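K.L.:
Sequence:
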Amino acid sequence: MESNYPVDPKTLNDKGTKGVMSSVAGLGFLGVEALLGIPVVGTVISAGLIGLGAIGLLGKTKTDKISGTVLGAAGIAGFATLFLPGLSHSLLSLGGIGLLGYGLFNLVGFIRGLKKKK
0 MESNYPVDPK TLNDKGTKGV MSSVAGLGFL GVEALLGIPV VGTVISAGLI GLGAIGLLGK
60 TKTDKISGTV LGAAGIAGFA TLFLPGLSHS LLSLGGIGLL GYGLFNLVGF IRGLKKKK
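Numbering-wise, numbering that gives the first Met the number 0 puts 64 at position 65 of the sequence shown, and it's gapless, one number per residue.
Calculated directly from the structure, the hints in this document are not laboratory data.
Nothing here was measured: the structure is a model prediction, and the numbers come from that model.
Cβ atoms here follow ideal geometry from the backbone N, Cα and C, with glycine treated the same way.
One thing to keep in mind: the hints can contain errors.
What follows is a set of in silico ranges between Cβ atoms, one per label pair, in the way DEER data are often shown [unchecked claim]:
{"id": "1", "residue 1": "Lys-115", "residue 2": "Phe-82", "range": "43 to 51 Å"}
{"id": "2", "residue 1": "Phe-104", "residue 2": "Asp-63", "range": "19 to 27 Å"}
{"id": "3", "residue 1": "Ser-92", "residue 2": "Asp-13", "range": "21 to 29 Å"}
{"id": "4", "residue 1": "Val-39", "residue 2": "Ile-65", "range": "28 to 36 Å"}
{"id": "5", "residue 1": "Val-39", "residue 2": "Lys-64", "range": "28 to 36 Å"}
Whenever a hint applies, use it, and build me the whole structure from the sequences.
P.N.:
Dropping the structure here:
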């Protein structure tokens, strides 16, 4: 019975935004994790992520702050590969897979909502 109700545009918008942002962040985490094996490049990328995370934390919206936190955490995990390489690579891989899964889940909900809207 619930599938016959119209879809709230705000909910649909939220699912689409979360889906795209989480999927891109998950792919980004996996990409960063792969690049951290290159010594100088990994350090530069980690420093850049920490810088972008700090800028995001200074943002005004909730989305800016969440994005800043995620970027900062990825940068810190990247620097941690210098001291604890196994743990850092595992955390980045698991974080990337988790974000990718969450993003795909939201994208599926978004697509279902679009179909209900028609």
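K.L.:
Please go over all the hints and tell whether each is borne out by the structure.
P.N.:
Here is how each hint holds up against the structure:
1. Lys-115 with Phe-82: 43 to 51 Å: Check passed, 50 Å falls within 43 to 51 Å.
2. Phe-104 with Asp-63: 19 to 27 Å: holds, 23 Å
3. Ser-92 with Asp-13: 21 to 29 Å: holds, 27 Å
4. Val-39 with Ile-65: 28 to 36 Å: holds, 30 Å
5. Val-39 with Lys-64: 28 to 36 Å: Given about 30 Å between the Cβ atoms, the range holds.
The structure meets every hint from the earlier list without exception.
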